[in-house]
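Participant: Now for the letters of each chain:
There are 2 protein chains.
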Amino acid sequence: MLDTIQDLRSILFGPNSQQLLMDSVSHLQPYDLAQILLALEYNEQQQLVEILPLDLATEVLEYLEPEVQYRLLHHASPERAMALLRTLPSDTAVDLFLAIHPRQAELLMGWLPDEYRERINTLMTFPEDTAGSLATVDYIAAREGWTIEKTLAHIRKVGRKAEVISYIYVVNARGQLIDVVSLKEMILASPQTLLSEIVSNSPIVVRADSDQEEAARLLSQYDFLAIPVVDASNRLVGIISVDDLVDVIQAEATEDIQKLGGSEPLIESYLKTPVLTLFQKRVWWLLVLFFAEAITGNIMRHYQDALTEVIALSFFIPLLIDAGGNTGSQTVTTLVRALALGEIDIEDTWQAVKKEMATGLLLGAVIGSAAFVRAEFMGVATNLGSVVGISAFFIIAWASTVAAILPMVLHRLKVDPAVVSGPLITTLVDGVGILVYFNVAKLLLGI
Amino acid sequence: MLDTIQDLRSILFGPNSQQLLMDSVSHLQPYDLAQILLALEYNEQQQLVEILPLDLATEVLEYLEPEVQYRLLHHASPERAMALLRTLPSDTAVDLFLAIHPRQAELLMGWLPDEYRERINTLMTFPEDTAGSLATVDYIAAREGWTIEKTLAHIRKVGRKAEVISYIYVVNARGQLIDVVSLKEMILASPQTLLSEIVSNSPIVVRADSDQEEAARLLSQYDFLAIPVVDASNRLVGIISVDDLVDVIQAEATEDIQKLGGSEPLIESYLKTPVLTLFQKRVWWLLVLFFAEAITGNIMRHYQDALTEVIALSFFIPLLIDAGGNTGSQTVTTLVRALALGEIDIEDTWQAVKKEMATGLLLGAVIGSAAFVRAEFMGVATNLGSVVGISAFFIIAWASTVAAILPMVLHRLKVDPAVVSGPLITTLVDGVGILVYFNVAKLLLGI
Numbered sequence: 001m002l003d004t005i006q007d008l009r010s011i012l013f014g015p016n017s018q019q020l021l022m023d024s025v026s027h028l029q030p031y032d033l034a035q036i037l038l039a040l041e042y043n044e045q046q047q048l049v050e051i052l053p054l055d056l057a058t059e060v061l062e063y064l065e066p067e068v069q070y071r072l073l074h075h076a077s078p079e080r081a082m083a084l085l086r087t088l089p090s091d092t093a094v095d096l097f098l099a100i101h102p103r104q105a106e107l108l109m110g111w112l113p114d115e116y117r118e119r120i121n122t123l124m125t126f127p128e129d130t131a132g133s134l135a136t137v138d139y140i141a142a143r144e145g146w147t148i149e150k151t152l153a154h155i156r157k158v159g160r161k162a163e164v165i166s167y168i169y170v171v172n173a174r175g176q177l178i179d180v181v182s183l184k185e186m187i188l189a190s191p192q193t194l195l196s197e198i199v200s201n202s203p204i205v206v207r208a209d210s211d212q213e214e215a216a217r218l219l220s221q222y223d224f225l226a227i228p229v230v231d232a233s234n235r236l237v238g239i240i241s242v243d244d245l246v247d248v249i250q251a252e253a254t255e256d257i258q259k260l261g262g263s264e265p266l267i268e269s270y271l272k273t274p275v276l277t278l279f280q281k282r283v284w285w286l287l288v289l290f291f292a293e294a295i296t297g298n299i300m301r302h303y304q305d306a307l308t309e310v311i312a313l314s315f316f317i318p319l320l321i322d323a324g325g326n327t328g329s330q331t332v333t334t335l336v337r338a339l340a341l342g343e344i345d346i347e348d349t350w351q352a353v354k355k356e357m358a359t360g361l362l363l364g365a366v367i368g369s370a371a372f373v374r375a376e377f378m379g380v381a382t383n384l385g386s387v388v389g390i391s392a393f394f395i396i397a398w399a400s401t402v403a404a405i406l407p408m409v410l411h412r413l414k415v416d417p418a419v420v421s422g423p424l425i426t427t428l429v430d431g432v433g434i435l436v437y438f439n440v441a442k443l444l445l446g447i
Numbered sequence: 001m002l003d004t005i006q007d008l009r010s011i012l013f014g015p016n017s018q019q020l021l022m023d024s025v026s027h028l029q030p031y032d033l034a035q036i037l038l039a040l041e042y043n044e045q046q047q048l049v050e051i052l053p054l055d056l057a058t059e060v061l062e063y064l065e066p067e068v069q070y071r072l073l074h075h076a077s078p079e080r081a082m083a084l085l086r087t088l089p090s091d092t093a094v095d096l097f098l099a100i101h102p103r104q105a106e107l108l109m110g111w112l113p114d115e116y117r118e119r120i121n122t123l124m125t126f127p128e129d130t131a132g133s134l135a136t137v138d139y140i141a142a143r144e145g146w147t148i149e150k151t152l153a154h155i156r157k158v159g160r161k162a163e164v165i166s167y168i169y170v171v172n173a174r175g176q177l178i179d180v181v182s183l184k185e186m187i188l189a190s191p192q193t194l195l196s197e198i199v200s201n202s203p204i205v206v207r208a209d210s211d212q213e214e215a216a217r218l219l220s221q222y223d224f225l226a227i228p229v230v231d232a233s234n235r236l237v238g239i240i241s242v243d244d245l246v247d248v249i250q251a252e253a254t255e256d257i258q259k260l261g262g263s264e265p266l267i268e269s270y271l272k273t274p275v276l277t278l279f280q281k282r283v284w285w286l287l288v289l290f291f292a293e294a295i296t297g298n299i300m301r302h303y304q305d306a307l308t309e310v311i312a313l314s315f316f317i318p319l320l321i322d323a324g325g326n327t328g329s330q331t332v333t334t335l336v337r338a339l340a341l342g343e344i345d346i347e348d349t350w351q352a353v354k355k356e357m358a359t360g361l362l363l364g365a366v367i368g369s370a371a372f373v374r375a376e377f378m379g380v381a382t383n384l385g386s387v388v389g390i391s392a393f394f395i396i397a398w399a400s401t402v403a404a405i406l407p408m409v410l411h412r413l414k415v416d417p418a419v420v421s422g423p424l425i426t427t428l429v430d431g432v433g434i435l436v437y438f439n440v441a442k443l444l445l446g447i
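Chains as they are written, first to last, in our numbering: chain H, 1 to 447; chain W, 1 to 447.
These aren't lab readings, by the way, just hints derived from the structure by calculation.
Note that the structure is a prediction, hence the values are computed from the model and not measured.
Don't take each hint at face value.
Remember, identical chains collapse to one label, so a pair may be satisfied in a single copy or spanning two.
Said to hold, decoys possible - Listed next, the in silico DSS-like pairs over lysine-lysine satisfying Cα-Cα at most 27 Å (straight line):
hint, residue 1, residue 2
1, 354, 414
2, 272, 354
3, 281, 354
4, 157, 184
5, 150, 161
6, 414, 272
7, 414, 281
8, 184, 281
Bound-form chain H, shown alone:
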């Protein structure tokens, strides 16, 4: 990459720059060229965007952050800026317009053809995280009455700007989606076949106001390369291509993992996130958990006499509350992921809870026995083994049950179940764990 940067520096402002440039970058992927651009000085970046072939410049632009896109467009020659903006994929353009100041966006949008601007405006109305917010209008539409031959000619004409040319979207005069026909079907059919002979009137679609996860789920279930997005009247709003959904799938998993770990999800990538942001994303949950956990101290104070009498009781507190927390963390992560993947849903609540309770009883029996042996072996007080063993059994069974019920309830309430993190479950079961422990102790030790 360093070589290429040196090469570019010596070429960019010299004679014959366009030809020399193509010789040194034609073997690069747009993504890599974007990384190289970012390593250049601002004026070199501008010059690169100015003299690259338009299609390649647009593709490079797609991999840059909206702020960088805007800076490059703002300082480019007016003709170049307009051309770039018009060839930019519509989903990238929408992200750009939403990221910059509304007045700047308005100015840029003024350069777009009227009809295109209207469609972009529609895309901009969909709230974040909905399927509509991911849609692009750069799809290829066709009419039922067209032959394959006519459709292929149409693809040749408009295909350059299309996000996906693997599918043709057959719409009627009102813009309603009739069916999706794959390029494969068309290439394999005879040129005189009418599209109406291939369509089957039952495309798989996603509603623009659905959650983006729904789009990701459908796409991965049906192995499509793109999925059409429609409005309430089945009018085609746009399409979402698989590469955009791969990003969504990764981002949703990242968000769930960070939430399950007990912090608010980060917006930027790790290295770009400053310490103060990391701090802010974590401190609130730590404080909430801290105050919830403070109750456990009050419960323990209530059993001060028992503790004073058998000080060895305190030795097993970390063991018992961690055993509960660990079991709860295992259950909650498994269920939250199963919910996110759609492997289980509301109607499976009872089955999941039963399963986790059964698993919890088995785990409780094993860890309870281990705890019994451990406490007996320590030899600190008569009967303490039974107290610790029985408590461990109940605490683990309880933790599994709570950790199964909570995410299912939140899912039913349409709250993201990933807020039930491992740390939250640990904190929630601690108080009950301490209660169980001291009551078993009072009963068995007669204190």
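Got chain H sorted already, so can you dock chain W onto it with the hints?
Facilitator: Here is chain W on its own, set in the frame of chain H:
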């Protein structure tokens, strides 16, 4: 779906079944038809596979488990079984052959043409989780000397079986990959252009022995629909399409989430996993953590005198060890995910550790102050507030540091950092936490 099942039942064995069948299923996606097939009786399933058009039958087969695929092939008429096997995508065929008994697999493979069998045999040699194990040989290859026109004609001829027709793989006489040309480029170019005029000799590839995550990372970085898989001599082994990698991305995230929650990853989906398997996946980690945590009990025993003197010290043990565990869990989940996404790598170790230490100091200051206030407010012993506050500060700073270093070290040792789960970090920092707490107590309380 119930309607369709009733429909099928009344049609399958009746007169004119093939025509009636197409009328009632032509609007369905293969995935949906596969779900319907699974709801039918065995003999109905066989009949459905027998009379569906071959292409559709194959597509339905792709969505079934290997055991079901084998049963259907085994009981189908010999001609049908052979035809199905030959049209099955090669990655699906490989998964089938690897899942059934080697002798059954050998029998089925005997039905394949020699050259195809050899390529399948090569695919079967790649270990699980490598890029090679995901590859399919159902790609379209072309030679540099071909014109666009000839290539398009070739696509029409062989495209039916191809997994992806969006890319053509240009290879030389030794089978080495020269470049990947997109169907879009070809459709937009003039028919007489030679492929050699379009190729650039620098395709992005993945080595067959690379980890499948590497393939997923490249594909999502470059927004490709498929990525070529090559051997050490740059010979084209196969391709991996984006829909297969979406499954990999989902599966890898699921595995990480389950590991981070402190259990071994599940192989099957949640509802299909029996209680005993859930138990087995969880119990070992719980036991390991249990024995590690048992050490904390020994440490506490060491401070028995201090505890007896100031019994209130025990009230804050759950609070302190949970605060450490929670902070550690936040750090570890964030870093493990950043490593999985390639956002950070070995060379960023020091930067990540510094960042987490700084965040830990800030969090320690806030939670330490809260702990001070809480302990003072409880009014159980003089100076206890300072003890609890100072301990909380050190414990949280320590937890952040350990939770940052461990995943980075494991990553460097090429061990999956996700084994450092939230529960593991909690357990690891507990012992030190108790040590810190009692030593601060001895120092400040003079006990």
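Participant: Run every hint past the structure and note whether it holds.
Facilitator: Against the structure, the hints come out as follows:
no. : hint         : verdict
1   : 354 with 414 : within (22 Å within a copy, 38 Å between copies)
2   : 272 with 354 : between (43 Å within a copy, 14 Å between copies)
3   : 281 with 354 : between (34 Å within a copy, 17 Å between copies)
4   : 157 with 184 : both (18 Å within a copy, 11 Å between copies)
5   : 150 with 161 : both (18 Å within a copy, 25 Å between copies)
6   : 414 with 272 : between (31 Å within a copy, 25 Å between copies)
7   : 414 with 281 : within (22 Å within a copy, 29 Å between copies)
8   : 184 with 281 : neither (47 Å within a copy, 44 Å between copies)
Taken one by one, the earlier hints fail for this structure only at number 8.
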